[in-house]
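Visitor: Listed below, chain by chain, are the residues.
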Amino acid sequence: QVHLVQSGAEVKKPGASVKVSCKASGYAFTGYYIHWVRQAPGQGLELMGWIDSSSGATNYAHSFQGRVTMTRDTSISTAYMELSRLKSDDTAVYYCARYVNSGYSGYDIWGQGTMVTVFS
Amino acid sequence: DSVMTQTPLSLSVTPGQPASISCKSSRSLLHSDGTTYLYWYLQKPGQSPQLLIYEVSNRFSGVPDRFSGSGSGTDFTLKISRVEAEDVGVYYCMQSIEPWTFGQGTKLEIK
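Each protein sequence line maps, in turn, to chains A and B.
Numbers in the working numbering are just positions in the first sequence, counted from 1, shifted up by 2.
Numbers in the working numbering are just positions in the second sequence, counted from 1, shifted up by 1.
Take these hints with a grain of salt, some might be off.
One side of the interface only, derived from the structure: several residues of chain A facing chain B at Cβ under 8 Å [stated by the list, open to error]:
(1) G46
(2) L47
(3) H64
(4) Y97
(5) Y106
(6) G113
(7) G115
(8) M117
According to the in silico footprint, chain A covers these stretches of chain B (three or more CB under 8 Å from chain A) [claimed, not checked]:
(9) 39-51
(10) 55-61
(11) 74-83
Calculated lysine-lysine pairs in the DSBU-like style (CA-CA distance at most 30 Å, straight line) [said to hold, decoys possible]:
(12) K45/B x K21/A
(13) K25/B x K112/B
(14) K21/A x K89/A
(15) K25/A x K112/B
(16) K89/A x K108/B
Read the hints as simulated data drawn from the structure, not as lab findings.
No experiment lies behind these values; they were computed from the predicted model shown.
Glycine included, each C-beta is placed from N, C-alpha and C at the ideal position.
For reference, chain B alone in the conformation it holds in the complex (with noise of 0.2 Å):
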């Protein structure tokens, strides 16, 4: 199984500094059809996970374009070039190769 580990677990950012999230899968993600598939969610706080990066490095539709992500292999992350209050909840890392895993999730509150 594909083990996925974010660090930070946690992270307070001021509003307008950038922010970033590893995550570390335990082997490669990329899959016999030639793509990578590791997806970012963010959970707001009360919320459902909503999806904010698929494919590594695609946003979603209706995602800011302060939201990016990057990696491949094994080495992934998120960053938020420009973080703001609206950002806040815990944002998680998945992998699609069987067995699906997600990671532990990493936490941001704003300062």
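Chain A with its partners taken away, still in its complex shape (with noise of 0.2 Å):
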């Protein structure tokens, strides 16, 4: 089976960072790449940008650039994403999603979510 697990739920202060990891499991984890996508509570679908899990080349969207750092760690096939200087308006729930192009395309796996809540 095929799974994306994340990591658990973050509560911190403005300014600091947070770092939310994604474990794949039951696929080869650099055949794929892994997207980030937030939700602000109530809100929709936001996309931060993509890892390419084999070389660790990124592409972040415009608006998380200077704020944002993905990575990954392929010898235990877990992507990170590093949000700092966080803002109250970064609360929101952080998805990552495996990217194929192959076949199909489209976003088929799916983490379940990690809770950032940036609070004073």
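Assembling the complex is the task here: the two chains are given apart, and the hints tell you how they should meet.
Guide: Next up, the structure:
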């Protein structure tokens, strides 16, 4: 079974950083990109960027450039998303998702989401 | 950037009746490789989103055939031929021509 399992909920103060992990299982981790999508409370979906799990190459959405860093550790099939200089409006559920582009395309597997609360 | 505009933002449907959601892009989603990268996702209450339709009209594995997608260029539609109770949630269209963007979502509820 293919899974993405994310780390647990976080509570952070404004100005701090948060690092969310996304552990893959059941497939060849380096064969796919991992994308990060966030959802503020009661709001829609917002793409933050992605990482090529094989090369480590990244592409960040304009609104997150300078504050987000996506990395991966292929030895443990885990991707990470770190967001710095947190603000209250970064309070959201953060999802990782596997992007497929072979035979079919799209986000076929999603993590369960990680709630990040920024609270002073 | 492609702005994705969904209509309606909410709809209430009687089980067994059809439903339709429109998604309009501010620019053509036809990629230079000939593929139109338009997707539909459903986020059921309390769950992560799930892929329904990829590349405009292809149902993802396991998606019931009551779901269908159509459209081209800038105008796209998701149709549910006969709504069931399990179809409740928020439907999002998404395009993947850089920069990737989601529609604002359409909430489907059952009457």
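Visitor: Against the earlier hints, flag every one the structure doesn't satisfy and list their numbers going up.
Guide: 8, 11, 15
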